[in-house]
Structure formats: C-alpha cells, structure tokens
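Number of protein chains: 2
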Amino acid sequence: MGDLDPQDWDAFRAQAHALLDASLDKMQTASDGRVWTPIPDDLRARLQSEVPRQPSNPADVLKEIMPYGVGNTHPRFFGWVHGAGAPSGILPEIAAAAMNVNAGGRDHVAPVIERQVIDWCAKLIGFDADASGLIVTGTSMGTIVALKVARDLADESAMKRGVIGGRLVGYCSDQAHSCVKRAFDMLGLGTEALRLVPCNDAFEMDMDALRAMITKDRKRGLEPFCVVGTAGAVNVGAIDDLETLADIARDEDVWFHVDGAFGATAILGELARDRLSGMARADSVAFDFHKWLQVNYEAGCVLFQNEAAHRASFSDRAEYLRGSERGLAGGAFWAVDYGPELSRGFRALKVWSHLMEHGVDKLGRSIDRNIKLAQYLQAAVGAHDQLAPMAPVALNINCFRYVADGVDLDALNEEIVIYLQEAGIAVPSTTRLNGALAIRVNITNHRTQEADLDLLVSEIVKAGDRLRCDFTV
Amino acid sequence: MGDLDPQDWDAFRAQAHALLDASLDKMQTASDGRVWTPIPDDLRARLQSEVPRQPSNPADVLKEIMPYGVGNTHPRFFGWVHGAGAPSGILPEIAAAAMNVNAGGRDHVAPVIERQVIDWCAKLIGFDADASGLIVTGTSMGTIVALKVARDLADESAMKRGVIGGRLVGYCSDQAHSCVKRAFDMLGLGTEALRLVPCNDAFEMDMDALRAMITKDRKRGLEPFCVVGTAGAVNVGAIDDLETLADIARDEDVWFHVDGAFGATAILGELARDRLSGMARADSVAFDFHKWLQVNYEAGCVLFQNEAAHRASFSDRAEYLRGSERGLAGGAFWAVDYGPELSRGFRALKVWSHLMEHGVDKLGRSIDRNIKLAQYLQAAVGAHDQLAPMAPVALNINCFRYVADGVDLDALNEEIVIYLQEAGIAVPSTTRLNGALAIRVNITNHRTQEADLDLLVSEIVKAGDRLRCDFTV
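Chains as they are written, first to last, in the working numbering: chain A, 1 to 473; chain B, 1 to 473.
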C-alpha cells in the first residue's frame, strides 16, 4: 500500500459511491431550477484558507460546490459558446482516473485510442486516410499548433533561428476568433502580421478584399503564408466561403487553416453540411469536442493533411524519450512528436467513449435541432415590436436587442442580460456588432426546447419594459 | 431531457456504479501483478473501427482496457518521471464531470478554487502574497507561458510586431529538459537562441561558464533576457545552484525562470528543501502536480512574482468576452487573461482536493521517503560488482548499468531494460550520459518499497548474467 492509498478501502469505496450518486443527481436535474447561481458569501469565504498542512476530507465540499458552476448544463444557458455536456461523459472520466496514464507516447492503450479518434475525425471532415492530428485542450491550442506548422513550412529557419517579425503575414476575417491573433503573438509572428479582412453584411469574409490585401502585401515585399477561414464565427455564427478560400489559398500557394471551434462539427448534420464542404480542402482544421459535440470540458482537435509537415514541426525527442522497437518505449504514435505537451492525460478516452455511446448520426441530429431552434428564435424576435435583430442568423446564434425610443439601448440591454443572469432565468451573453451592444443567444445545447426560447423572449421583453425608464436619455 | 441524456436513468446509474467498482478494484490492486502489459492483439484490433454511426455501449470496453495503461500506478514503475496517482483523485474527477464547467473565466466556483491553489503554491515556493499564476496542463506549457512573459518584458514590440530572431538569447544547462528548447521554438525566438551551458561533474550548471557566455553574447551585441535553472534534471535529478543563479540574474538584469517539473515539489519535504530555497527568488517557476505530488494526469502550474507582467502578456479579451461588474460575466480572476487557453476544464479541482485530502506535510514526507529509497538503491548498486553507477544520486534518480568485460554494454543494458519491461517485472527506462547508455531508475512513486528495489537489482543482475553472451564484442 502506498503512502497516499486509502487506509480503509471500504470507507473510501462508500464515499466514492456516495459522491457518484450526488453527481448523478446533479446531472439528472440539469433542466431544473436556476440557470446560474452566484456563490454564497459564506461558501466563498470557506473556500479561502491557509495552506492545508494536515489531511482533511474534501468530499463534503465537492458536493457543496456543485450548484455553483457556470450553468452551462442548463437548457436556458445561451452564453458565449459553451457545450452542455452529457451524463455518460462521467464514465470515461472514472476509467481514466483509475488508469492515470501519461498519454505523451509509448506503447499502451491511450495512443491507440487517440489515433482512432483522430482517424474518425479526419474522415468526417473529409481528409485523406493518411491525415495527421492531435487531441488538444481546445481550439485555442489547436490553432497555435496548426499555425506553427504553417509558419515552419513557410520559413525553414524559423525553428532554429527564430522568426523575422513582420515578414510572414496571414489573413482572417474581422469576425475571426481572438485565438488566431493570440497564435500570431505566441509564435513570434506578431499580431500586426495578422491582417483582418473586412466582412460582407452576412459577417463573412469579403473575398475580393482578401485578394486585394494579399496582392498589396506581396507588392510591399511581404510573404503571405496563411489564410484562416472561420466556420462559425463567435459573434454571429457566420461561415466563411470555404470553397473560395481554398481556391485562393491554392492560387496564392499559402496554407489554408479553418477555425471550426464549434461550426466544424455541424458537418455531422444535414443543415449546414454543404457550407462546410470546403474544410476537406484545408491544410489544417481545429475544432472543439466540448462545444457542440457535448463532450465534457475540455477537449479539442487539430487535423493536418500533411503528416510530414506536422511531425517536422514538433518531433525532436531528447535522449531520455528515445523510442525502441520493443518494450514500453515502443508504440507507433507518440503524441510528443505532434504537439508542445509531453505529459498528457487520457483526454482522448472521453471523446472516444462519447462518439461510441451516441454515434455521430445522433450527434448530427442534435446539432441540426439546435440550428432549427435558432431559426425558431429568429422568427420569435422578428414577430416582436420591441425586439430588433442585429445580424442574420447563419447557424445557431441570434444577436438582437430590446428597442425603445429615447433610451440608451446599449446600457439597457446590458442590464437586461445581467438581470436575467442574476434572476437565474436564463444566461444569454452580450457582444458588440458595428459598435452597438447586442443580446447574444447561442444555442449549442442538447437540452434546449422551444419553451425555453419562448420564456427567454417574454422575459427579455418584460425586463426591457420594466427597466427602460432607468435608461432614458 | 436532452438529446444526449440517458433514457433510463436507473440503468445508467447502475452502469456508472459498476464501472466505479471496477475502477476502484483496479486502484486497490495497484501493487499486484505485472507492471506493464502489452495490449493483446485482439483488443488492439477491436479498438480500430470505422466511424461509429450508431449508438453502442462503450462501458465494457472501458473496463477491458484498464490493464493496458503505462503501468505507472505500480510500485515497480521507474520509467521517465511519472507520478503514480492516488485513488482519492477519482473523487474530484467525478464531481468535475458532473459540473462540466468552463474555467476560462466568469464568476463561479472554479476560478475561486484555481486562485486558491495558485495562492497556496506561491506561498509554498516562497513567493509574495501578490504573486500570479495559472494551472496548466504541465510544465511544458508552463514553460511556454513563463518564457512568453519574459520575452514580452524584454522586447516591448514582440507581441505586436513579432520577434527579431536571434537577438534575445537565453541560457539553461545542457541537462535542462527539452521543453525549454521547445518553448524557444514555439515563441519564435529560435532554438539556437537558447545557449546550453555545460555542467560540472554533478550535472549542475557551471556558473562560471554561464557568466562567460552572457558576457560573450553581450559583446556580440546580443541581448541576454533569461536564465533557466533546473530543479531536478530529468537525466539524473540534479538541482542547479539556484541561489547563485538568482544572483547572476539580478546582476545581469535578466529573467530568472526555474523548471521544477518534479524537483520543485520536494520543497514540501526536508531532505532537498535547502537546495530549493533559491526558487523563492525566481521571476517564474513551473512544475507539475501529476509527478511527485501524485495528482492524476494532467496538471501543472506556472507562478510569477510580477502579476502585471504576467497579465500584460496575455490579457487582450475580445468583445464577446468582455467582463462586467455584476452577473455571470463578473468575477475577479479570468484565466483567459493569464494564458493561451480560453475553454478550460476544472483542472484545479483535483489539485485542490488532493492537497486538502492529504495535506502538504504528508506529501512532503512521501517525497522524502522516495529520496531515501534512491539512496538505498544507490547503496545496493555500489555493493554489486556487476553494477556500476553512471552519475551521482542527487535526488530521486539512479543511473547505473550492468558491466562485464568484452561486451557491448550499451546494447546489453538496453536489452536488459526491454526484458524487464516485457516480462512485467519492472519498468526502468534508459538514457545516455556522456555518450554511454544507462539504466535509469526514477522514484516518484508513493507505492515503492525497499523490497521492490531489491527485486529490481537482483533481476537486472540475473538478466545481465544470462544475456551477456549475446552481446560479446
């Protein structure tokens, strides 16, 4: 028995089963009660303590904190782009905790399952069978990994001699996620080397503008090396014209990356599949499992058409990580050759288990149902005099706001959102579109029903009617 | 009920409890049987399948794969630097799966607990109360985050205008972990900008050589910006002279980072604490919870003395991530302001729970017991004519090998290690020291006992005696 093993296994076993029951209770009642509940002051105070010198039993606190999460498991959580998770996700977490593997490499079951998940994803996106990939924490990390490969292919000396800032330039729409800019910063390219291409009225990248910007940069002696298409822009859900982007990338001989954080997974359904076909022509695609696929936080994926380029950018093992033909240091797929992390948990297991449990057809139908719910909400907004749409509904996101004359609409709508959150009724978030604050309702939630949206609309209008007098200008 | 919720909750509940029991059985028998077991061919074949279109039940496979992990839960696992995990780690994984929070920011319980863990760690390392930090996947990511902050402080224009490769240069010992080199690559600095300082006979950085290299680089017009000290080198466990490194960093006005992947946590014990005191003077420290602290994979930490510099390097939120004074978009600590990831699981919970459950004093005693076991093994190696030590034992790692005349010792010792792994007896790994292959025995395992080391030594000698004739030169 080890120093940290339970002294009384029966008691430990009983405690684990009790916590499991409390956790299952929490998941079984996901659709009930308040959406978000602020942490009670006394709990917050008790969570702040001195360094624990002596042992104590945290199990009661683990139960006590459960109601005070983000609220994203509730059907009326519409904030940002959060997945709701699925109860069955608890099974692989239990198995993975018992195994406690390091999935960085070597010959054991974790790399086999990770490779299997990558192969499935590559096939679903439309990549060839010899595609490469990696399970990552999420699209932010996937984007960094993808653009590093693009950087190192465009500039052979970057890895050894460093980047010459400002020479390599890339392009994304002004609606692209901030993780693209962050990747340019992280990789030493500089955020100014990322050109923000303006959008059309549908918040999709303007392809003529992109072509003109590339031409202009080339004339200035700069080296365009990548274009980043967005499949599901975070503000409004817009999908760039990926087929045209693929054409431009081919014509200009630059890397084509797709940020499909949530949108890419809509390829499993019918309603958005056609607009996502261009992903198959990308050099790399990054997306999350924990958003629209409802895998528990956190898990994402980055895929590459060119395994050799992917591997070349990350494989440089030290002596103590040398592989061998046989023994535990064997194994064909070492994740350390494909990304920045060496010690890695068995993140792939929950993705594998989720895809097996539900099958991709059901997951696609669930995504399609969310798209239809967004259209349902769009109709409800359109039917209401006090509500004005702020953007077209491209996928699963509605941006609109309560309107009235003689009122500071930005401040009023911000207050409406805070009121709904604090009252526990619903959690939309906000964004700014063309300078104006919008209530933003994102539906990536397999629990949301029409009635939840009816309630949301009526509560927004009621709150607006009541609060508007406080915001008269 | 959501599309992905169980249709029969009673059946799902029974399945979850059955899997929990199987997982507890696996953990309760961690010290029994083989260390590493290769995946049976038929299981490997069944794990390779077409994309799952239709639902199926993965619970049986989750049970079936459990024996085929890395083996690091077993007391005779000595490979690389793996933690063994602790059974109590399953509790926070269950609770976290039920909550399914995104810990990227906002006002809920996860950021409160993450901040608490960071505060405890900062205090334990000896940082001031206003220190900053982030829970990360591991030291590889922590090192990237730390050196990005150092980069951006040294070169104000790096974030916007990119790196000028080769100008900023840094230093670590030639025994430092490859993640430092990887960070230089990732951040656009170039791996050649990382100077490898030679070591003394104890595999610690040669401080005179460091000073001379910094002086030489300055004379060449380059800009030294950081020194990286190693607290527990991966080959032999050496700890650099951190106090002198802190002096040099102060004198040279460069950032002082400590890679303490496993070694840093020995500060909780008595035996290595004095040699780790210099960490308190570092600008940043990165270390893992999943190694010597036995938290389940994966979790690491990066700490900063200078919160403002840490924040400046990562805080640039987009409109859709704007915070507010009240509502769910409130909250003081948004992890997205301190690292590259936006969607983040509740990784901090298992660290918090582990530290509460065991208390840091017990964790320190367990680490000290490993150090004593390494000394015990050192004595056993010294007492054996057929075994020769290859490096001093600084902490918890023994490097030695079987010796005999007229034999290819590199090939023989490699074969001994593979034999021990394949036979399921023990899992040491190998490395090369001064060009020669060594059997490397790392003890970061709270289950290892003296008898395990006795068995290891006798099996190595037996294997060497039997196999040596195959390797005659």
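To be clear, the hints were calculated from the coordinates, so they are not data collected in a lab. Glycine residues also receive a C-beta, built at the ideal position from the N, C-alpha and C atoms. Hints should not be assumed to be uniformly reliable.
[Unchecked claim] According to the in silico footprint, chain A covers these stretches of chain B (three or more CB under 8 angstroms from chain A):
hint, region
1, 21-30
2, 61-68
3, 101-113
4, 169-181
5, 190-197
6, 340-350
7, 415-428
[As the list claims (entries may be wrong)] With a Cα cut of at most 27 angstroms, we get these calculated DSS-like pairs of lysine-lysine:
hint, chain 1, residue 1, chain 2, residue 2
8, B, Lys-362, A, Lys-181
9, B, Lys-181, A, Lys-160
10, B, Lys-63, A, Lys-362
11, A, Lys-181, B, Lys-181
12, A, Lys-216, B, Lys-160
13, B, Lys-160, A, Lys-63
14, B, Lys-160, A, Lys-26
Going down the list of hints, with the structure as the test:
{"no.": "1", "hint": "21-30", "result": "holds (count 8)"}
{"no.": "2", "hint": "61-68", "result": "holds (count 6)"}
{"no.": "3", "hint": "101-113", "result": "holds (count 10)"}
{"no.": "4", "hint": "169-181", "result": "holds (count 4)"}
{"no.": "5", "hint": "190-197", "result": "holds (count 4)"}
{"no.": "6", "hint": "340-350", "result": "holds (count 8)"}
{"no.": "7", "hint": "415-428", "result": "holds (count 5)"}
{"no.": "8", "hint": "Lys-362(B) / Lys-181(A)", "result": "violated, 44 angstroms"}
{"no.": "9", "hint": "Lys-181(B) / Lys-160(A)", "result": "holds, 10 angstroms"}
{"no.": "10", "hint": "Lys-63(B) / Lys-362(A)", "result": "holds, 25 angstroms"}
{"no.": "11", "hint": "Lys-181(A) / Lys-181(B)", "result": "holds, 23 angstroms"}
{"no.": "12", "hint": "Lys-216(A) / Lys-160(B)", "result": "holds, 20 angstroms"}
{"no.": "13", "hint": "Lys-160(B) / Lys-63(A)", "result": "violated, 45 angstroms"}
{"no.": "14", "hint": "Lys-160(B) / Lys-26(A)", "result": "violated, 45 angstroms"}
Against the hints set out earlier in the document, violations occur for numbers 8, 13, 14.
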